[in-house]
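There are 2 protein chains.
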Amino acid sequence: MEFGIQFFPDVNPDEKPADQYWQESLFLTGLLDELGYTHVRTVEHYFKSYGGYSPNPIVFLSAAAQRTRKARLITGAVLPIFNHPLKLAGEIGMLDAISGGRAEIGFARAFLPHEFARFGRPLDESRARFDEGLNQVKQLLEREDVSSEGKFHSYKNVTSLPRPTQKPRPPFWVAASSSDESFIYAGKNGYGIMIVPRAADQMKKWIASYRQSWREAGHPGQGSVMIAFHMYTSNDREEAYETARPRLDGYFHSLVEATQEWTEGLQSKDYPNHPKMMQFLKSGTFESRIQQGATWIGTPADVREIVTRYDQAVGGLDIASLQVNFSTMPVDAAERSMRLFAREVMPHFQKRASAA
Amino acid sequence: MEFGIQFFPDVNPDEKPADQYWQESLFLTGLLDELGYTHVRTVEHYFKSYGGYSPNPIVFLSAAAQRTRKARLITGAVLPIFNHPLKLAGEIGMLDAISGGRAEIGFARAFLPHEFARFGRPLDESRARFDEGLNQVKQLLEREDVSSEGKFHSYKNVTSLPRPTQKPRPPFWVAASSSDESFIYAGKNGYGIMIVPRAADQMKKWIASYRQSWREAGHPGQGSVMIAFHMYTSNDREEAYETARPRLDGYFHSLVEATQEWTEGLQSKDYPNHPKMMQFLKSGTFESRIQQGATWIGTPADVREIVTRYDQAVGGLDIASLQVNFSTMPVDAAERSMRLFAREVMPHFQKRASAA
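From first to last, the protein sequence lines stand for chains A and B.
Counting from 1 along the first sequence, just add 298 to a position and that's the residue number in this note's numbering.
Counting from 1 along the second sequence, just add 298 to a position and that's the residue number in this note's numbering.
The set of hints was computed from the structure by calculation and includes no laboratory data.
Even for Gly, the Cβ is constructed at its ideal location relative to N, Cα and C.
One or more hints might be untrue.
[Said to hold, decoys possible] Only some residues are given here: those of chain B computed to face chain A with a beta carbon under 8 Å:
#1 Leu-333
#2 Gly-350
#3 Lys-385
#4 Val-444
[As the list claims (entries may be wrong)] Computed cross-link-like contacts, DSSO-like style, restricted to lysine-lysine with a CA-CA straight-line distance of at most 27 Å:
#5 A:Lys-346 with B:Lys-465
#6 A:Lys-436 with B:Lys-346
#7 A:Lys-486 with A:Lys-465
#8 A:Lys-449 with B:Lys-436
#9 B:Lys-449 with A:Lys-454
#10 A:Lys-449 with B:Lys-567
#11 A:Lys-567 with B:Lys-449
#12 A:Lys-346 with B:Lys-449
#13 A:Lys-346 with B:Lys-567
#14 A:Lys-502 with A:Lys-454
#15 A:Lys-465 with B:Lys-368
#16 B:Lys-436 with A:Lys-346
#17 A:Lys-346 with A:Lys-368
#18 A:Lys-449 with B:Lys-465
#19 A:Lys-454 with B:Lys-454
#20 A:Lys-454 with B:Lys-465
[Stated by the list, open to error] So the derived label-pair ranges between C-beta atoms look like this:
#21 A:Glu-562 with B:Thr-561: 55 to 63 Å
#22 B:Pro-628 with A:Phe-578: 52 to 60 Å
#23 A:Glu-313 with B:Gln-500: 17 to 25 Å
#24 A:Gly-448 with B:Glu-440: 53 to 61 Å
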């Protein structure tokens with residue numbers, strides 16, 4: 299099992315201004331190599347506290363590459379629907395060059411109705427734009443002198459620069475949330491999958507179907523599954539709960555605020571399961587989330603037990619991507635928790651390989 | 299007078315791969331604070347060796363911000379025509395946050411016909427897209443809850459995040475090349491100007507008209523003029539010429555290759571002077587460029603004399619932005635030259651203030 303960290307800003311300027319948020323995140327990134335965390339990841343979102351400090355994850359990851367010599371730099375994720383493929387392919391080439399070949403690129407369809415509205419993109423174009431965008435970026439990275447006639451973007455005789463440092467290109471990931479097809483698509487195409495925790499039996503089914511389609515397509519190994527968790531550990535359970543509870547509430551508050559359209563009757567053919575999924579994510583409590591293993595909070599012994607249980611329940615956890623500074627978490631608390639986790643939890647879980 | 303450095307990649311993957319180019323550039327960026335250089339700048343270009351390693355200058359500057367604590371991070375420039383204003387405003391906010399408020403944003407209209415063709419943008423939309431894009435980004439940075447109905451991009455009720463660290467926003471610059479209006483526009487709006495060297499009498503006229511429109515608009519001071527120069531200095535003049543000559547040729551070779559349409563009969567109402575300007579840039583020789591002061595190459599004494607002459611000829615040079623690793627220049631030669639310039643040339647020119 300491998301452990302990395304994920305920065306998912308979910309504060310507004312009154313709670314923590316962006317310069318403070320990003321500089322604290324860079325400081326925490328500077329601990330990765332020493333402590334054995336293997337990746338740093340961030341999101342693409344806009345306009346609201348839920349993710350909005352990170353409209354281009356590649357801009358942060360490029361800075362982060364200067365604070366770690368070993369960790370992989372992972373977009374979690376970029377959104378083809380809001381990006382021009384010529385631009386995105388070029389930025390990926392730059393990040394791969396600047397980091398000496400440590401970039402990994404997660405793609406997602408986006409799911410916040412307010413972002414679609416502000417960019418003037420119909421929700422029902424989501425899947426089509428994702429498919430076209432991902433495939434165009436893939437081609438632009440893998441080949442020279444590419445032409446493409448798309449529904450949304452077309453171009454002729456393009457050699458994207460910089461050519462990727464990793465050949466033929468950085469590994470790809472796909473964010474899957476709630477549809478069987480996403481897991482099958484990722485496995486078939488040899489991409490890793492990125493997920494947020496859901497009920498363990500559902501996760502187990504999805505991961506199994508991902509691995510099956512991976513193998514059936516003839517890819518070596520069994521693919522890569524990355525799951526995101528909120529993590530806060532302290533030797534004092536009461537302190538852990540007191541510190542993490544309001545911040546976890548803060549995170550879900552910003553999620554609910556950013557996704558309210560889904561729970562107020564919005565429907566889209568491209569998002570058949572989102573109203574139900576958002577209700578599910580809203581309905582959890584601090585205790586139920588810990589109980590389900592979706593949130594790793596407590597003493598190191600508590601967290602070891604949660605991880606063991608979750609690993610077994612989902613049929614094998616490859617890579618955990620830990621949110622360590624969610625909401626208004628003070629940076630020194632996040633640092634202490636990262637150090638304690640590295641010392642008391644990490645060694646209990648054997649390392650497995652990554653790569654997608 | 300202030301001195302900074304500019305990274306303008308002009309190599310292809312066979313000459314120097316992008317990971318080597320950018321990592322050498324980051325190493326050179328790490329010298330700035332020690333040596334007294336006050337900014338680092340890079341370009342936005344695509345698809346060819348002339349600038350093509352840098353499709354998004356903000357991605358490099360974000361990494362560069364980790365190698366210098368004092369230098370300003372300047373886009374030179376971003377191109378509104380190839381960027382969505384919601385995306386660009388967000389990236390500027392991120393860079394300003396990550397650098398602790400050291401971002402400065404130069405905007406340009408773009409001028410390479412092959413880029414317009416590959417992005418599917420007509421050359422004759424250049425000015426309209428520049429004007430709309432710059433003003434939308436400006437609004438998005440300065441204000442919250444912005445709506446805009448543009449010819450090219452429209453949106454409603456947007457608060458761009460991150461809010462800029464500098465208030466109301468990072469300083470703006472405009473790249474001006476060959477039209478009187480660009481200089482007047484920049485002065486009137488309180489933006490700095492970025493230029494590449496032309497005949498000194500022409501430069502003097504333009505700079506004077508910029509400063510006049512700056513003052514007439516009631517802005518304090520006299521504005522900021524940044525001029526780009528190729529620089530290589532060595533105690534041995536012969537070594538300086540031998541090292542710099544093939545690399546300067548390499549730079550102009552990549553320029554000519556990227557702009558050939560302009561010298562082969564292309565016309566655009568938005569670029570009335572470009573065919574002539576490109577002929578001019580093509581026609582120079584190594585010796586004539588040094589003679590004109592457009593290129594700072596020679597011993598420290600030679601360079602001091604060139605700078606003194608140019609400063610007087612154009613009526614006062616504010617900020618020089620030095621290309622130190624052009625073409626295949628070895629990084630150790632660039633380092634030696636930067637150190638020698640800092641020791642033997644810089645102190646002879648008094649510091650003046652920046653800020654636009």
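Each hint tested on the structure:
{"no.": "1", "hint": "Leu-333", "verdict": "19 Å, violated"}
{"no.": "2", "hint": "Gly-350", "verdict": "4 Å, holds"}
{"no.": "3", "hint": "Lys-385", "verdict": "6 Å, holds"}
{"no.": "4", "hint": "Val-444", "verdict": "10 Å, violated"}
{"no.": "5", "hint": "A:Lys-346 with B:Lys-465", "verdict": "20 Å, holds"}
{"no.": "6", "hint": "A:Lys-436 with B:Lys-346", "verdict": "19 Å, holds"}
{"no.": "7", "hint": "A:Lys-486 with A:Lys-465", "verdict": "20 Å, holds"}
{"no.": "8", "hint": "A:Lys-449 with B:Lys-436", "verdict": "31 Å, violated"}
{"no.": "9", "hint": "B:Lys-449 with A:Lys-454", "verdict": "25 Å, holds"}
{"no.": "10", "hint": "A:Lys-449 with B:Lys-567", "verdict": "30 Å, violated"}
{"no.": "11", "hint": "A:Lys-567 with B:Lys-449", "verdict": "30 Å, violated"}
{"no.": "12", "hint": "A:Lys-346 with B:Lys-449", "verdict": "26 Å, holds"}
{"no.": "13", "hint": "A:Lys-346 with B:Lys-567", "verdict": "41 Å, violated"}
{"no.": "14", "hint": "A:Lys-502 with A:Lys-454", "verdict": "43 Å, violated"}
{"no.": "15", "hint": "A:Lys-465 with B:Lys-368", "verdict": "36 Å, violated"}
{"no.": "16", "hint": "B:Lys-436 with A:Lys-346", "verdict": "19 Å, holds"}
{"no.": "17", "hint": "A:Lys-346 with A:Lys-368", "verdict": "32 Å, violated"}
{"no.": "18", "hint": "A:Lys-449 with B:Lys-465", "verdict": "41 Å, violated"}
{"no.": "19", "hint": "A:Lys-454 with B:Lys-454", "verdict": "33 Å, violated"}
{"no.": "20", "hint": "A:Lys-454 with B:Lys-465", "verdict": "42 Å, violated"}
{"no.": "21", "hint": "A:Glu-562 with B:Thr-561: 55 to 63 Å", "verdict": "59 Å, holds"}
{"no.": "22", "hint": "B:Pro-628 with A:Phe-578: 52 to 60 Å", "verdict": "58 Å, holds"}
{"no.": "23", "hint": "A:Glu-313 with B:Gln-500: 17 to 25 Å", "verdict": "52 Å, violated"}
{"no.": "24", "hint": "A:Gly-448 with B:Glu-440: 53 to 61 Å", "verdict": "35 Å, violated"}
Checked against the numbered hints given earlier, the structure breaks hints 1, 4, 8, 10, 11, 13, 14, 15, 17, 18, 19, 20, 23, 24 and satisfies all the rest.
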